[in-house]
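Use the sequences and the hints to build the structure in full.
For what it's worth, our numbering labels the leading residue of the sequence shown as 1181, then goes sequentially.
Keep in mind the hints are simulated off the structure, nothing from the lab. Source: prediction; values computed, not measured. Ideal Cβ placement from N, Cα and C applies to all residues, glycine included. Check the hints yourself; a few may be wrong.
[Claimed, not checked] Cut-off 16 angstroms, straight-line C-alpha distance, at most; resulting in silico cross-link-like pairs (EDC-like, lysine to aspartate or glutamate):
id: 1; residue 1: Lys1565; residue 2: Glu1543
id: 2; residue 1: Lys1531; residue 2: Glu1499
id: 3; residue 1: Lys1347; residue 2: Asp1424
id: 4; residue 1: Lys1446; residue 2: Asp1427
id: 5; residue 1: Lys1280; residue 2: Asp1327
id: 6; residue 1: Lys1426; residue 2: Asp1411
id: 7; residue 1: Lys1475; residue 2: Asp1327
id: 8; residue 1: Lys1500; residue 2: Glu1530
id: 9; residue 1: Lys1347; residue 2: Glu1469
id: 10; residue 1: Lys1347; residue 2: Asp1297
[Said to hold, decoys possible] Simulated restraints, written as ranges between beta carbons of each label pair:
id: 11; residue 1: Tyr1486; residue 2: Lys1402; range: 24 to 30 angstroms
id: 12; residue 1: Ala1417; residue 2: Gln1290; range: 25 to 31 angstroms
id: 13; residue 1: Tyr1486; residue 2: Asp1200; range: 41 to 47 angstroms
id: 14; residue 1: Arg1184; residue 2: Gln1218; range: 42 to 48 angstroms
id: 15; residue 1: Arg1303; residue 2: Gly1444; range: 26 to 32 angstroms
id: 16; residue 1: Arg1448; residue 2: Thr1222; range: 52 to 58 angstroms
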Amino acid sequence: MRQRIPVSDLRVGMRVVELDISWLKSPFWRHAFTIQTQNEITLLRQHCQHVEISVSTKIKGAKSAKQLPSSTQGNSTQKAVDVPQQGMSKPNASIVTHQKIAQAQQHLQQVAGKITDVFDDARTGHALDAPKLQHSVELLTQDVLTDTNSLLLLSQLQNKDQSLSEKSINVCILTLTFAKHLGIKKDQLHQLGLGALLHDIGMLRVPASLLNHKGTLNASQKAIIQQHVIDGVSMVAHHDNLADIKDMIAYHHERYDGSGYPYGLKGRAIPLFARILGITTTYEAMTRERFFSSKTTPTHALSKLYAWRHQLFDGRLVEKFIQALGVYPPGCIVQLNTGQIAIVTEINPEKRTRPVVRLLMSEDKVLLKEQPEINLIMSEYEWIKVQKILDTQELELTKLI
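So, in structure tokens, the structure goes:
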């Protein structure tokens, strides 16, 4: 049985089974756990007003509260996952992870505000604010270096709009994640991140009517849009703090077989950082809803990149990019072979087809009250497989978390 109580009545030893806030806003990785420290109570009081507890674990001295009906969690089939306690994250580890998620979310909000301001000013003819841009890259670099999975998870889960700032931030996150996997030095990470943020800055000079065009572009329209590369280079060329990223802006649309623009460079003639950007910008574009094209799943986007290796992109880099993200990147909503729905929270570098997932829905598609996290690389779950990636919009993701 469950009981709803105010957070002021919480005591160490109580079994919390539900919070009154969404998972993304919670300081805990799971919404079902036993309170072990006063620090956990403090966190709950900071983020919640009420929680549901298991009546059987209610501690003596807690005030009475209105009793709620039992969970509506669906019945499990013989194939459904029944996760033992040792298969879940430890409470303390959960707090640390969610604190990192909260920090990453705060940084993303800060960066979004700064980049939107910089781009709005640049659109009206003002010079680029290099200090704001550099601080934004520092925040994102810090998060990628300390907790890549949290940043990728948030980037995937957030509602993506059509703005240049949103797109640029996502490209920056992907690029920094990729660069970290490649072992690129920290001082170069900053330069690469800055180039990723400003790779399409020239788009600010493209007429909105073309940017929002839903049909096929004619030759003259394509020429106008492709001019954004030249415009972008000119917008950073006179900034001492931004001059080093000119080549990234100039060449990120070049392709390995020479089919790109504006110069038709081939192979290793394309600078390394521009080759990296070519991959991350293409992946980001495929996984985002655009005016002229519907988004695809991360797995399908990765398979397309793999098909284009050695043709449009450096094959060695494409394979490294897939290694960096995993077959199922953090934030993907997947259906398991048990029929249950889960979200990928972490990749396993040792076996990228066996991620860490958090169960969201039963095999009957009923929202689970307790949403355990399981690591598919563990031997007790070897029979469980990811069956397919699901469209997050169809599942109304915000209701799941």
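Comparing the hints with the structure gives:
1. Lys1565 to Glu1543: OK: Lys1565 and Glu1543 at ~14 angstroms, within 16 angstroms.
2. Lys1531 to Glu1499: Given that 16 angstroms is the threshold and the Cα spacing comes to 15 angstroms, the pair holds.
3. Lys1347 to Asp1424: It is violated: about 22 angstroms lies between the C-alpha atoms, which goes past 16 angstroms.
4. Lys1446 to Asp1427: 15 angstroms, holds
5. Lys1280 to Asp1327: 7 angstroms, holds
6. Lys1426 to Asp1411: 11 angstroms, holds
7. Lys1475 to Asp1327: 26 angstroms, violated
8. Lys1500 to Glu1530: The given pair, whose Cα atoms are some 14 angstroms apart, holds under the 16 angstroms limit.
9. Lys1347 to Glu1469: Distance of about 11 angstroms is within 16 angstroms: holds.
10. Lys1347 to Asp1297: Holds, because 15 angstroms separates the two Cα atoms, which is no more than 16 angstroms.
11. Tyr1486 to Lys1402: 24 to 30 angstroms: 27 angstroms, holds
12. Ala1417 to Gln1290: 25 to 31 angstroms: 28 angstroms, holds
13. Tyr1486 to Asp1200: 41 to 47 angstroms: 44 angstroms, holds
14. Arg1184 to Gln1218: 42 to 48 angstroms: Roughly 22 angstroms apart at Cβ, these two residues miss the hinted range, so it is violated.
15. Arg1303 to Gly1444: 26 to 32 angstroms: 30 angstroms, holds
16. Arg1448 to Thr1222: 52 to 58 angstroms: 55 angstroms, holds
Hints 3, 7, 14 from the earlier list are contradicted by this structure; the remaining hints agree with it.
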